[in-house]
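Going down the list, the protein sequences come from chains A and B. Residue 8 in the numbering used here sits at position 8 of the first sequence, with consecutive numbering throughout. Count along the second sequence from 1, add 245, and you get the number used in the numbering used here.
Rather than coming from a laboratory, the hints here were simulated on the basis of the structure. The beta carbon of each residue, even a glycine, is placed where N, CA and C say it ideally should be. Where hints are given, some of them may not hold.
Some chain A residues close to chain B (C-beta under 10 Å, calculated; not the full set) [to be verified]:
| # | residue |
| --- | --- |
| 1 | C132 |
| 2 | P162 |
| 3 | A208 |
Per label pair, the in silico range of CB-to-CB distance [as the list claims (entries may be wrong)]:
| # | chain 1 | residue 1 | chain 2 | residue 2 | range |
| --- | --- | --- | --- | --- | --- |
| 4 | B | G300 | A | A202 | 26 to 34 Å |
| 5 | A | D125 | B | T248 | 38 to 46 Å |
| 6 | A | A126 | B | G351 | 36 to 44 Å |
| 7 | B | E273 | A | D209 | 15 to 23 Å |
| 8 | B | G341 | A | G203 | 44 to 52 Å |
| 9 | B | R272 | A | G203 | 26 to 34 Å |
Here is what each chain is made of, one letter per residue.
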Amino acid sequence: MAADPLDALRLSVVPVDPRPEFTAALLRRITSAAAEAQTRSNEAVTGTSEEVGNIGLAIQRALDNAEQMQARMQARAAAIDELIASGALERHVSRQPAPRPPQGAPIAARVRDNPTVRYFVGDLDAAIEFYCQRLGFGEELRSAPAFAMLYGGGFRLLLSVPGLPGAGRPLPDGTVPAAGGSNRITLQVADVTAAIAELRAAGVPIRADVSAGVAVRQALIEDPAGNLVELYEPTAGYHEGPSAP
Amino acid sequence: MSTVSVRYIVDDVDAAIAFYRDRLGFRELMHPDPAFAMLTHGDLRLVLVAPVPAGHPGGGSRPMPDGTAQRPGGWNRFMLQVADLAAAVGELRAAGVTFRNEIVDGIGARQVMIEDPSGNPVELFEPLRAEARLAPG
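Work out the full structure, taking the sequences as your base and the hints as a guide.
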């Protein structure tokens with residue numbers, strides 16, 4: 001799902017990084033969104049014409065949000081600097097291997113060895129709802145608005161929001177991570193046809209309907225951010241893991 | 246313990262196998278077709294596929310029904326835990342591996358992104374707190 005340039009005007013919370021180069025990149029994004037909105041002003045663009053009816057207002061709102069978020073980010077960075085200077089963080093964040101917590105401690109349940117994948121999602125809550133309600137994942141932690149950790153299908157799935165602190169942070173050259181692409185997690189199901197029927201009925205976008213591969217039947221669905229998830233059902237000749245002959 | 250699979254689209258399956266095997270310690274499980282290979286690393290199975298035309302027996306990398314070709318790249322990625330990220334970075338740099346960024350200290354882990362020969366990202370991380378750490382397998 002390609003990002004709509006007008007998304008920059010739709011954000012209620014504008015992602016901001018305290019570094020000046022990010023603010024500059026954000027301003028460029030908003031400016032180009034405004035230009036795009038103007039070129040589209042005579043087209044019927046579902047869901048956007050009303051929002052960008054007053055482009056100036058939308059830009060002002062985005063900039064106000066950016067300013068507020070930037071102030072908050074700077075305050076947070078300053079607070080963290082203070083903690084580092086006081087040595088408080090050192091006591092909590094050790095570079096040494098963390099000792100295993102005692103049996104039964106809450107943390108023990110959170111230490112697992114699941115293969116880990118990171119997906120980018122524009123809307124953290126929508127993504128959490130999708131993976132938990134449609135695909136049976138469990139929410140492990142949510143650090144809104146930028147990050148969540150889920151477990152499901154044998155995976156540890158990290159959800160990060162493009163443009164926000166953490167893994168969504170822009171690269172040094174200003175490139176911002178994005179959702180989408182062809183690479184994906186695969187989830188094994190007993191009956192892929194039934195699973196797809198159920199998901200379709202629930203309104204989940206089906207990117208590629210069930211088709212036969214060499215040793216599996218498979219289908220592709222999309223999460224709300226447009227990331228692919230592959231569902232597969234093993235058929236004859238399927239290799240069950242590394243121990244298979 | 247459960248084995249799970251991630252599918253990556255690559256331009257050149259042989260080059261990808263060499264990269265994941267020689268640089269990241271994956272083991273080749275099978276490579277029955279020029280456009281398909283399966284590697285393993287712990288509980289992770291990495292399925293490498295090159296784009297194939299519609300009608301190819303391998304179903305994982307055909308074009309989408311609307312004709313869109315599958316292709317490498319993007320930002321979604323699997324992650325590998327390392328004990329010493331700085332050491333790993335030094336080693337990979339010396340081997341000529343492409344990096345997308347420098348080491349970033351996050352809240353739960355220090356992390357860095359490298360690219361396979363097709364430009365797919367792989368994230369390496371060194372946990373800084375228990376929640377981010379993968380238990381020894």
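- Task: Could you check if A208/A really has its C-beta closer than 10 Å to a C-beta on chain B?
- Result: holds, 6 Å
- Item | Supplied distance hint 26 to 34 Å, evaluated on CB atoms of R272/B and G203/A | Roughly 41 Å apart at Cβ, these two residues miss the hinted range, so it is violated.
- Does 44 to 52 Å hold as the CB distance between G341/B and G203/A, or does it fail? holds, 47 Å
- Query: Quick one: are G300/B and A202/A within 26 to 34 Å, going by C-beta?
  - Reply: holds, 31 Å
- Per-residue hint verdict: P162/A, partner chain B, C-beta under 10 Å: Since chain B brings a Cβ to about 8 Å from P162/A, closer than 10 Å, the hint holds.
- Holds or violated: 36 to 44 Å for the Cβ distance of A126/A and G351/B? violated, 23 Å
- Query: Does 15 to 23 Å hold as the CB distance between E273/B and D209/A, or does it fail?
  - Reply: violated, 32 Å
- Has the hinted range 38 to 46 Å been met by the Cβ atoms of D125/A and T248/B? violated, 31 Å
- Message: So, as I understand it, the hint says C132/A touches chain B; can you test that by seeing if any CB pair is closer than 10 Å?
- Response: Where the cut-off is 10 Å and the nearest Cβ of chain B is about 18 Å from C132/A, the hint is violated.
Violation of the numbered hints given earlier is confined to hints 1, 5, 6, 7 and 9; the remaining hints are satisfied by the structure.
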